[in-house]
Amino acid sequence: MKKFKISPIIDKNFNINLVIKNIFQLKNINEIKICFSLIYSIKSLKNAKIVNQIGRYYEITPLIKSDLKLNEKFIIKINLKNNKNKFINLSSGPEGIFCLNKFNKKINLDVDNLKFLENFKSKKYPKIINKKSDMPIIPYPNNFKLIDKQINCVHGFDIRNKKIKSTLNKVKLIIDSSKYFKINKNGIKLTYKKIKADKENYKILINDNVIEIQSSTNTGIFYALISILQILIINNHYLKKGYIEDYPRFSWRGMHLDCARQYYPIKKIKSLLNLMSLYKMNRLHLHLTDNEAWRINLKSFPNLAKDLSFRGYEKLVPPTYGSGFGPRGGFYRKKELKDLIQYSKKLSIEIIPEIDIPSHSWALVNHIEKLQEKEDQSWNNYKGTYKNNTLNPGIAFTWKFIKKVFKEVSEIFPHNIIHIGFDEIPKNSWTKSPAVKKIMKKNKINNISDVKNYFVRRVQNILYLHNKKIGIWNEGIDNNNSEKIINNDCLVFAWQNEQVAVKAIKKGFKVILCPAQKCYFDMAYNSSPEDRGLVWAGTTETKQVFEWEPINNNLKRKIDKIYGIQGQLWSETITNINFMDIMINPRLLALSEVAWSKSNKRNWNNFKSSLKKNMKITKKIGWDNHKF
440 MKKFKISPII
450 DKNFNINLVI
460 KNIFQLKNIN
470 EIKICFSLIY
480 SIKSLKNAKI
490 VNQIGRYYEI
500 TPLIKSDLKL
510 NEKFIIKINL
520 KNNKNKFINL
530 SSGPEGIFCL
540 NKFNKKINLD
550 VDNLKFLENF
560 KSKKYPKIIN
570 KKSDMPIIPY
580 PNNFKLIDKQ
590 INCVHGFDIR
600 NKKIKSTLNK
610 VKLIIDSSKY
620 FKINKNGIKL
630 TYKKIKADKE
640 NYKILINDNV
650 IEIQSSTNTG
660 IFYALISILQ
670 ILIINNHYLK
680 KGYIEDYPRF
690 SWRGMHLDCA
700 RQYYPIKKIK
710 SLLNLMSLYK
720 MNRLHLHLTD
730 NEAWRINLKS
740 FPNLAKDLSF
750 RGYEKLVPPT
760 YGSGFGPRGG
770 FYRKKELKDL
780 IQYSKKLSIE
790 IIPEIDIPSH
800 SWALVNHIEK
810 LQEKEDQSWN
820 NYKGTYKNNT
830 LNPGIAFTWK
840 FIKKVFKEVS
850 EIFPHNIIHI
860 GFDEIPKNSW
870 TKSPAVKKIM
880 KKNKINNISD
890 VKNYFVRRVQ
900 NILYLHNKKI
910 GIWNEGIDNN
920 NSEKIINNDC
930 LVFAWQNEQV
940 AVKAIKKGFK
950 VILCPAQKCY
960 FDMAYNSSPE
970 DRGLVWAGTT
980 ETKQVFEWEP
990 INNNLKRKID
1000 KIYGIQGQLW
1010 SETITNINFM
1020 DIMINPRLLA
1030 LSEVAWSKSN
1040 KRNWNNFKSS
1050 LKKNMKITKK
1060 IGWDNHKF
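Numbers 440 to 1067, taken from this note's numbering, label the letters of the sequence shown in order.
Check the hints yourself; a few may be wrong.
Calculated lysine-lysine pairs in the DSBU-like style (CA-CA distance at most 30 Å, straight line) [stated by the list, open to error]: (1) 584 x 571; (2) 602 x 584; (3) 638 x 679; (4) 621 x 997; (5) 1051 x 571; (6) 611 x 1059; (7) 460 x 485.
These aren't lab readings, by the way, just hints derived from the structure by calculation.
Assemble the whole structure, with the sequences as input and the hints as a guide.
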């Protein structure tokens, strides 16, 4: 029997009102604990006190002197440390609410959906006018010439080339293409000619009775077939005569998925790979570890995944980011990851793993005692209030751990880059560590900044043993003399702003452009309270992604150092797996256009019309989408 109801309501001042209503003989309300997680930290409370906090997971107790009568209400007011704009939306409220009695046993309760006291206006989008387009393909081809005469492909194709047949089987992994690529000996001939070209380039020649694909590799064939398929679906089996000659602007066209804050089943990750391949994206960056989870199962440390992949009240990791009482989560076995890698290979996508160190390691450090230095009095306080979330480079076991972990990770993932994070190290990390002071003395290191360089270079050398290079977030090269200590084959992911990319390039590093203002798909699309996401980097509509020009005047002279661009989905706000769809789609398609097509080819009105048509394709492969 449910004892009471909690209704979370947000007012115009960004305050949360937790309305508690007694619906069935609730007694001793001052002894219960209301548990939940938040995206923003609590600044102050009224009518309650915090009895426990880890990260942004809270346990609070009501301050009430007497029991509530039946249907009587009691309100707890929560003032948040919010952003400057007093921004509120569906991600702002408490998530995963549950209650415990004084014996820490779960109490049955009703929880209402989040409501707003004010009648906020939702975002309205203009009606999209379908425009006739010679080229509805996304991303837009770099060179083509088509005439008005069309050929009808409804009866199918005469396909005898083995490479085309085998590549079509890969296309069928993504979408049921049999309706559009029917095999018919009396159909239009679909042939292949090998040419000298870069591996992702392709050319399609469309004549009355023959369509010829030209490329140097299977990847080129794959992209050509994807382009043909898009046109056949949108134009109802018709193709215009002429040619399409296409090639990518950037070699790295990536998408990042935070699998640590939320667990995504392999099936869902394959679904993302399908979406990426349809729009010629070729790198998937998997963020596998963080403060809140360790998602990869390793032989050398089997208990990490077992103990740190599920969150909940009775688990080692608290129920952050909407986990609720739990348990909630999961991990990836080697067999699953190898299957995923093989699947991605068929779709011409490479997978880059990330093991985030030395910071973002709260669960790890607090789980393995050998990674802790009791004498360290440094104040390791991450902005999300995680204390002691950073590996200590002065502890011998730290390096034993890193060696074993990266040996296994290197064996699983064939890509030559492994991302090691190295972002958001708490300011005062290691400053009062006796172990770190010893290595500083031994290695003639004068300051903590150089300790960071020492850490990166040592991990770099470990990965060299396995023929791997490192990727790091841009903070990793912010230290003094980093360019003198860290080898410049380190790939820098510039997420903060354009200036950090310029800085990295000046230091001699190659760069992946992924600025939060354009590429963070966890940002809200707009200021509507009905939307989801964060806004610390601003709001990011699909149009803003589409109109982003990554190579501006500051970067033009260093174009050879720009390796590519990448979208990022951090998962703090993805408290339901279905939210993933609307945060990524259609922004990923806009980013694919930026990554592939020349800037002078991009036109928002034309793209918007093509985007509307392509949403039918994304729906066919099971993807929902946000409005645009």
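Consistency of the hints with the structure:
Under the criterion of a C-alpha separation no larger than 30 Å, the hint pairing residue 584 with residue 571 is consistent with the structure, at around 16 Å. About 26 Å separates the Cα atoms of residue 602 and residue 584, which keeps this hinted pair within 30 Å; it holds. Restraint check: the Cα-Cα separation between residue 638 and residue 679 comes to about 26 Å, which is no more than 30 Å; the hinted pair holds. For the hint pairing residue 621 with residue 997, the CA-to-CA distance comes to about 47 Å; that exceeds 30 Å, so the pair is violated.
Restraint check for residue 1051 and residue 571: satisfied, since their Cα atoms lie roughly 12 Å apart, inside the 30 Å limit. Proposed proximity of residue 611 and residue 1059 is supported: the alpha carbons are some 12 Å apart, at most 30 Å. Annotation: proposed proximity of residue 460 to residue 485 holds, straight-line Cα distance about 17 Å (limit 30 Å).
Of the hints listed earlier, the one the structure fails to meet is number 4.
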